[in-house]
Amino acid sequence: MEDKLLEFIREEFLEDPDQEIDIDTKLISSGLIDSFSLVSLQSYIEQEFGKRIPAPRITAESFDSIRQMVEIIKQF
Amino acid sequence: MAYSIALQKRYRDILNDIQDQGLNKEEVQITGLQGAEIHIKSSDNSGEARKINMCSNNYLGLAAHPDILKAAHEALDRRGYGMASVRFICGTQDTHKELEQRMSTFLGTEDCILFSSCFDANAAVFETLMMEEDIMISDRLVHASIIDGMRLSRASHDTYKHSDMLHLEKKLQMYHDRHGKIIVTDGVFSMDGDIAKLQTIVDLAEKHNAMVFLDDSHATGFLGENGRGSHELCGVFGKIDLITTTFGKALGGASGGCVAGRKDLVELLRQRGRPYLFSNSLAPMMTITTLQALNLIEQDDSLRKKLKQNMQWWRKELVAAGFIVVPGESPIVPIMLYDAVLAQEFAKRLFAEGVHAVAFSFPVVPKNQARIRTQLSAAHNPEHLEIALAKFIKVGKELDILGKSKEELLSMHNK
Ligand SMILES: Cc1ncc(COP(=O)(O)O)c(C=O)c1O
Chain A
1 MEDKLLEFIR EEFLEDPDQE IDIDTKLISS GLIDSFSLVS LQSYIEQEFG KRIPAPRITA
61 ESFDSIRQMV EIIKQF
Chain B
1 MAYSIALQKR YRDILNDIQD QGLNKEEVQI TGLQGAEIHI KSSDNSGEAR KINMCSNNYL
61 GLAAHPDILK AAHEALDRRG YGMASVRFIC GTQDTHKELE QRMSTFLGTE DCILFSSCFD
121 ANAAVFETLM MEEDIMISDR LVHASIIDGM RLSRASHDTY KHSDMLHLEK KLQMYHDRHG
181 KIIVTDGVFS MDGDIAKLQT IVDLAEKHNA MVFLDDSHAT GFLGENGRGS HELCGVFGKI
241 DLITTTFGKA LGGASGGCVA GRKDLVELLR QRGRPYLFSN SLAPMMTITT LQALNLIEQD
301 DSLRKKLKQN MQWWRKELVA AGFIVVPGES PIVPIMLYDA VLAQEFAKRL FAEGVHAVAF
361 SFPVVPKNQA RIRTQLSAAH NPEHLEIALA KFIKVGKELD ILGKSKEELL SMHNK
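The listed protein sequences correspond, in order, to chains A and B.
Quick note on numbering: the first sequence equals residues 1 to 76 in our numbering.
Quick note on numbering: the second sequence equals residues 1 to 415 in our numbering.
Calculated directly from the structure, the hints in this document are not laboratory data.
Incorrect hints may have been included.
[Claimed, not checked] Here are the simulated SDA-like pairs of lysine to any residue, each with C-alpha atoms no more than 20 Å apart in a straight line:
#1 B:Lys263 <-> B:Gly180
#2 B:Lys161 <-> A:Ala60
#3 B:Lys306 <-> B:Asn57
#4 B:Lys161 <-> B:Ser145
#5 A:Lys26 <-> B:Phe362
#6 B:Lys161 <-> A:Gln19
#7 B:Lys391 <-> B:Cys55
#8 B:Lys161 <-> A:Asp18
Build out the structure end to end from the sequences listed, making use of the hints.
Rendered as structure tokens:
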């Protein structure tokens, strides 16, 4: 799951393809991902893992790193 | 009444955070007309100072244009100050209908409906028209009011990279089985001043059976041959399903907005659009004066031409002076400084020199993309722009940034 998310985020969001990210990289608070774009992640998670995370659970704080995302996805 | 200590602390903490992050917005007080020159009260209220205004949305200079003021005065006398009713009870005058007709024709659509603001128009569209089984695919840089509007809808939402047409097509393919699909974009993007690739968007929409939504707030009245907007400029006039725009910028700058589009979509907004049904009717002065703004725009293209000349001159001279300017064809001209502290300092010094232009930095724009956003107006005369340019160059020399690359600018404060 982590690897898929990593790849998706690289392709979907990063302006600079050489940018190094790992599962603990701060994505939103660092400005790499704009919090308005989280809907793209929500759709991807639904398509790829068949889990619909309710919008209120997807916030700039709760989805700031891949590790955090995975924790939330596992609850559904 | 209970405003507990805990709550007081909550709000104080948030406000302190805003302050600490340097995001606090302070309002300058203008004491006269909106225009190329404005008078601003000094912060200690001791007096006022004249500034050249490089940051209003008064693109055609109509905010204080004599014909516009005259129309507003007459409207006030003939039709009163306000309607004190929503549209469907007793808030519709013939001029509301007339303006809807005129806007619809002007924008090349079948029908049009007025709102108190374009923010309200955007708040109505998606909730009313996009249903649970639908998908809204928006450019990542659309205006905040569109984002809020989409949040109100039960439809799914996804985004594409700014103006990246390959990415948009990928998303359209991904959601090919959705019942209703809509591509959502601004015409002119307000932070960069670049124009949406509407020709490609319309082609993709046709190919993938999607509607197109366009917010043309920063284009209506001046872009394109007849000033009808970015769709006219891009050669897709008459091919947009839904257009929202504002009367609060080029069309006089007071307030009001509308949704123009397909007949049944507009009719459904009239029946179900909550910001339409549950909010007061646009004041008569606004409808009548916006009609007058359309008259001016349709009768003569001199203001439009002047705006364009100003824009071209300003862009050319800034680049020649060694500033990094985001290229484009709109009167929104961002000067890139990349570094947030540098941008703030630049704006502060400009202000002291008598030029009002605002610095934008994260989170309004991405990190390391801080800038001074300038906006041209037909109200600017050559002298205004010459003085403003001289001040930009003066401050640019003081801060030693002219001719510097992005990397050099970003490293200045990290030395
Ligand atoms: C692109 C865009 N859409 C909508 C709005 C809101 O318009 P209004 O001021 O009429 O609410 C603005 C700016 O104010 C804008 O820049």
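If you test the structure against every hint from before, which numbers come out violated? Hints that this structure does not satisfy do not exist here, as all of them hold.
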